[in-house]
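Novice: To convert, note that position 83 of the sequence shown is 264 in this note's numbering; the numbers rise steadily by one, no gaps.
Just so you know, these hints were derived from the structure itself, not from any lab. The model shown is predicted, which means the values in this text are computed figures rather than measured ones. Hints may contain errors.
[Unchecked claim] Cβ-Cβ distance ranges computed for the label pairs, FRET-style:
{"no.": "1", "residue 1": "LYS186", "residue 2": "GLU678", "range": "35 to 45 Å"}
{"no.": "2", "residue 1": "LYS302", "residue 2": "ASN490", "range": "14 to 24 Å"}
{"no.": "3", "residue 1": "LYS309", "residue 2": "GLU670", "range": "42 to 52 Å"}
{"no.": "4", "residue 1": "ASP568", "residue 2": "PHE732", "range": "34 to 44 Å"}
[To be verified] With a straight-line cut-off of 20 Å between C-alpha atoms, the simulated DMTMM-like cross-links for lysine to aspartate or glutamate are:
{"no.": "5", "residue 1": "LYS578", "residue 2": "GLU613"}
{"no.": "6", "residue 1": "LYS687", "residue 2": "ASP731"}
{"no.": "7", "residue 1": "LYS494", "residue 2": "ASP563"}
{"no.": "8", "residue 1": "LYS248", "residue 2": "ASP731"}
Don't be surprised by glycine CBs; every beta carbon is placed ideally from N, CA and C.
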Amino acid sequence: MSNKKNKIILTKIPVEIDVEDLRIVFESNAFGYQLVVNLTENVHVDRKFKDVIIEFESPEAAREVAKVRAFPFEFDRHQLVLRPILYLENFDATPKPIKEEVVEIFTCWIGNIPAQITEDKLKIFFEKQISNTTEKFHSINILLDPKLKKYQCSINFFNQNDALKAVELFDGSKLNNHALEAKLKLKDNSISETISESDSESTSSDTEIEETEQTSEVNSKYFEKIFQLSSVSNFRSLILKQVEAIKEKYSSGGVSISPLTGKKGVNKKGIRFQVKSDNQAKLNECFNELKSKVKIQSRKIKFTPKEFNQVSKLKADLIKLKLDKNQEFFYLFTNDKKKYYSVEFFDTGDKNLTREFHKYLNRVQKYFDEKLDSEREVQLNDQDHLDFIKMYLLKRKNLNISHAPNSNKLIISGKKINLDKLNLTDLLKNLEIIQIESKIQNKSIITYMNFKLKDLKFELESRDLLLKYNKIENGSESYQFKIISSNVEAAKQKAVEIVDYFTKVKLLVVNIDDVKVGKSIENELKAQKISNIDVKYREDKKKFFINGIDFKKMNEMKQQIELRKKYTI
């Protein structure tokens, strides 16, 4: 069995979830377009849940995926939170209970919602509208206020920016001629009166949701519902064909489906059907099938003005991304005014076709992310945070970093796919500064301490630890330094090691007046790469300085230098 750490495990996943749908999620931009090479299912004894082991191309890919602590996954109109964990093979230890991770939630509160609409209808409506701004949200809660006889809705997000986009989307928009009110809910459950700017465009103008039930006084009792779709012009013929098939299926059960025209109809972009039966159970069954098999899914990929200018130049290349089959179920277009690229899909409930839609979305999103040049602005708290992020980013060769003058702001530019992989939010959240001040035990090594600190700075940067210090002046009683990192334990350990080393370090000196001989011996010794001992020839002093904590090895080094000096001269 392989011991490569290139796998993650998802625990307690409902057995109904197809692993191929999970593959699509992990190969999306949410996880950095990782390539899944294998999926394995282990079904629990109760047959209700399973564990899924997902294998990637490399351990680095698995670690990147595991950094995403929680990710919402749509399952049967519910939100399942995926929690990827690194998987260790041949690990037999009994797992300890894991403390549930607290996920910070940001809430968009929406009020003045008409009570004539059912909760299920409202939930579907808000889910559809939210999908235009983000694919990631935690949950939707709808509550009826009995005094006002109106609904209130709370949409919970994983980050504040998405919540603000939702506020901008819904605030002032209309639902069945009711102007909605939307605010950002603060952590103390109060409602924010100020709304931050957002790049999202409002797409909910005056939206109608209708589901009616009627009883005729003249004829026998019947029940009626109205099925409506808006913006169907791209799929009108497919919709009519699908509705006709459902109509034929239920006609023998006493259910009729008729298109509404004239005053009861909608504009050219929309379409409405009257579903009618004297059997309420059959009516509901037919109506639910219409809802599940006659749907239009739309995904908008939004861009900044700078990014969209590049998108316009790529239109010809986008043709290459079109699907080889089932093209009639997809419609692609760019909106020059609102600066987004949209993929629309006529969803018939066919799982394979839906899978193709999500795979295609991944291809399009990845194409843009790889082609587009983008930039991010990062505002840092102070100079220490600024210096750390600069150090961290400068090691990434595919990025350009500039510092806004007279501020703690960095501007990062590069391909969009590389910027999305940075995940600076989590990095900054965990960043800590370890500050140390210690007494100098041996003032004769101050020059060496400055040299050693400079050497350590480069060494630690390779491990994402930033060492900052001021030059130690001759005669100083103490020295100070700080280590900045998101890996707090590693920073603390290194700080202790530095203080311990400077407490124990010793010095030996060998005089060599001939500079040429001294440099020659120094080069020979450096070639040996002797560990734990620093040897340096100072031309200005015409002396060899040997520093270390192993006095025996230092003496051996001194004897070696004196011997070479004797025979070289």
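Novice: Can you tell me whether the CB distance of ASP568 to PHE732 sits inside 34 to 44 Å?
Specialist: The hint (34 to 44 Å, Cβ to Cβ) holds, given that ASP568 and PHE732 are roughly 37 Å apart.
Novice: Please check whether LYS309 and GLU670 have a Cβ separation lying inside 42 to 52 Å.
Specialist: Holds, since LYS309 and GLU670 (Cβ atoms, about 46 Å apart) stay within the stated range.
Novice: For LYS248 and ASP731, compute the direct alpha-carbon distance and say whether it is at most 20 Å.
Specialist: violated, 41 Å
Novice: With the threshold set at 20 Å, check whether the alpha-carbon distance from LYS687 to ASP731 stays at or below it.
Specialist: Holds, at roughly 8 Å.
Novice: Is the gap between the beta carbons of LYS186 and GLU678 within 35 to 45 Å?
Specialist: Between LYS186 and GLU678, where Cβ atoms are some 27 Å apart, the hint is violated.
Novice: Are the Cα positions of LYS578 and GLU613 separated by 20 Å at most?
Specialist: At roughly 25 Å apart (the allowed maximum being 20 Å), GLU613 and LYS578 break the hint.
Novice: That 14 to 24 Å hint for LYS302 and ASN490 (C-beta), does it hold up?
Specialist: violated, 40 Å
Novice: Is LYS494 close enough to ASP563, meaning Cα to Cα at most 20 Å?
Specialist: Violated, because 40 Å separates the two Cα atoms, which is more than 20 Å.
The structure does not agree with the numbered hints 1, 2, 5, 7 and 8 stated previously, though it agrees with the rest.
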